[in-house]
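With the hints as extra help, turn the sequences into a complete structure.
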Amino acid sequence: GEQDKDVVLFPEKIKNKYVAFDRPEGSFNFTQPHIWIGYSDDLISWGRLKSFDIFRKEDWDVEKVGAGPPPIKTDKGWLFIYHGLVNLNLDNNFSVKLKNLLKVKEKDLIVYCVGALLLDLKNPKKILAKSKKPILIPIKKYEQNIFWGKKIIFPTGLVLDKNGKDVLIFSGVGDEIITVKKV
Numbered sequence: 131g132e133q134d135k136d137v138v139l140f141p142e143k144i145k146n147k148y149v150a151f152d153r154p155e156g157s158f159n160f161t162q163p164h165i166w167i168g169y170s171d172d173l174i175s176w177g178r179l180k181s182f183d184i185f186r187k188e189d190w191d192v193e194k195v196g197a198g199p200p201p202i203k204t205d206k207g208w209l210f211i212y213h214g215l216v217n218l219n220l221d222n223n224f225s226v227k228l229k230n231l232l233k234v235k236e237k238d239l240i241v242y243c244v245g246a247l248l249l250d251l252k253n254p255k256k257i258l259a260k261s262k263k264p265i266l267i268p269i270k271k272y273e274q275n276i277f278w279g280k281k282i283i284f285p286t287g288l289v290l291d292k293n294g295k296d297v298l299i300f301s302g303v304g305d306e307i308i309t310v311k312k313v
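With my numbering applied, the sequence shown corresponds to residues 131 to 313, in that order.
Heads up, a few of these hints could be off.
Stated by the list, open to error - Straight-line distance between alpha carbons at most 30 Å, and here's what the computed DSSO-like set of lysine-lysine pairs gives: (1) Lys-312 to Lys-229; (2) Lys-292 to Lys-312; (3) Lys-227 to Lys-292; (4) Lys-143 to Lys-270; (5) Lys-295 to Lys-311.
Honestly, the hints are just simulated from the structure, not real lab data.
Quick look at the structure:
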């Protein structure tokens, strides 16, 4: 069956339209799961859906990406936090370093990490900056599920800290615990 995951709505209209990210998935995978962007006049009918490809073949998050919390508006653009999967079996520098850092020997291990994008205020499909590496990696014991061995940080909330300089990212970790981290 069809499913639509990781849906987030921008907190305000852009060019008089509501904007949302989502990740539609069907019964058949012809492409890797990734983010789509859609626009609406009324929050009921969504049209002009377009693929929102944020990765290249050599990026850390090439395996799968999905939206995290709704973006927050900054002076420089929309700060958008997302989750990305790192396949530790890939033979690239980041995967090898992360596999060594996590001291894993499992086969086909996938790790959920957190990345960040800065998007244009008037055109959120335009990426102004992207984290070259994840900003949060599940390296702590509590971020690793004891039953399935999953290594997961799944961002779900984002607020500006009282100091006005840092952001607080709320996440589900290890499929069991909720955390907040200042970045």
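Going through the hints against the structure:
no. : hint               : result
1   : Lys-312 to Lys-229 : 25 Å, holds
2   : Lys-292 to Lys-312 : 11 Å, holds
3   : Lys-227 to Lys-292 : 35 Å, violated
4   : Lys-143 to Lys-270 : 38 Å, violated
5   : Lys-295 to Lys-311 : 14 Å, holds
Going through the hint list in order, the structure does not satisfy hints 3 and 4.
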